[in-house]
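Please take these sequences and the hints and turn them into a complete structure.
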Amino acid sequence: MSTHHRHMSNLEDQYESLNIADEEEEGLLLDGENDDVSEIDDRWCLVGRFLTNRSIDFNAMQNKMAQLWQPGRGVYVKELEYNLYLFQFYHEVDIERVMEGSPWTFDRVPLIFERLKVGENPRSVVLNKLEFWVQIHNLTTGFISERVVRDLGNYVGMFLKSDPNNFIGVWRDYLRVRVKLDITRPLKRKKLSRGIMLSHFKYEDLPTFCLICGILGHSDRFCERLFDTPRDQIEKPYSLEMKAMPRWKNYAIGARWLRSGAMNKNGGTAFSNNPANNDSCQQGGESSHGGSQSRHNQLGFSITKNQGSSLSQPRKEIFNDGGVDGGAIPQARCIDQSKDY
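Residue numbering for the sequence shown follows this note's numbering, beginning at 885 and increasing consecutively.
Just so you know, the hints here were simulated from the structure itself, not pulled from any lab data.
Since the structure is predicted, the reported quantities are computational estimates derived from the model, not experimental observations.
Watch out, some of these pointers could steer you wrong.
[Claimed, not checked] No more than 25 Å apart at the CA atoms, straight line, and that leaves these computed lysine to any residue pairs for SDA-like:
id, residue 1, residue 2
1, Lys1072, Leu935
2, Lys1064, Pro1114
3, Lys1001, Lys1045
4, Lys1064, Leu1011
This is the structure we're talking about:
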């Protein structure tokens, strides 16, 4: 009995010596907090996340982004945590070119990024801004000036710069301004002045957005307003007309690799996509154009987007984006080489 009493006394003494407050003050060392981020040269670093709830294939992503950016001095990509990445460049030229080319996408999802300040913790950077070129259409006569363009840029988002070609030439259909948008706020559709339409806006390379609330990152099928508003009272004040059409088109970029017909076993052309070559096809001879140019224009199939990854010039294409209603919505995009949308 005395042995049991002594044992209980020892337990009581140990409990009294336990300081719970001190234990709570001791921090936990979690995976990822003791990594080598603090040792990285942060002079030329971006920290970013993708505007999606889907998981990201890290290996596919880093290879695709490197392919799109093509940094002359290379790039190192580190996954800090779920959907948070550090992109380290090795020269000011490379990081400036990437920042200027925004928005960038992977698997049709935009990358939201900020440049890391020297000594800044990349995990503490707020990522809710995207840069866009915005077109100002139907600007009222008498308001066409650099000052108005700047003011409208600050109305849409945060003004960064205006297109240097805005006021070159006699007439332009629209003016362009580059702005930084807060993705948590609805897109601006138009600007009124004393009840009179001053201008309306179109966004270049605009990703999926909601027709109900006007916020980027989700379609109207997943809008929060659906949960507190009867369906018959739902309004859609936004439209796909806010997506700017391509400024130019160049469908002949792949002509140097495409052939207009298939080669038969005898070395001639079996069939051709060019009716003018049908006569020579029937004769079993080559096209009258001859030479290497003819041989490069006689292949009977087209090259896919991913197969064209070695191109060094941008091109324009029309894609069926995920759409704001979840369906296939034709969307015009300016893509750089094999940029994955």
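Hints and how they fare:
1. Lys1072 <-> Leu935: Holds, because 19 Å separates the two Cα atoms, which is no more than 25 Å.
2. Lys1064 <-> Pro1114: The given pair, whose Cα atoms are some 34 Å apart, is violated under the 25 Å limit.
3. Lys1001 <-> Lys1045: Answer holds: Lys1001 to Lys1045 is near 22 Å, not above 25 Å.
4. Lys1064 <-> Leu1011: Within the cut-off at roughly 12 Å; holds.
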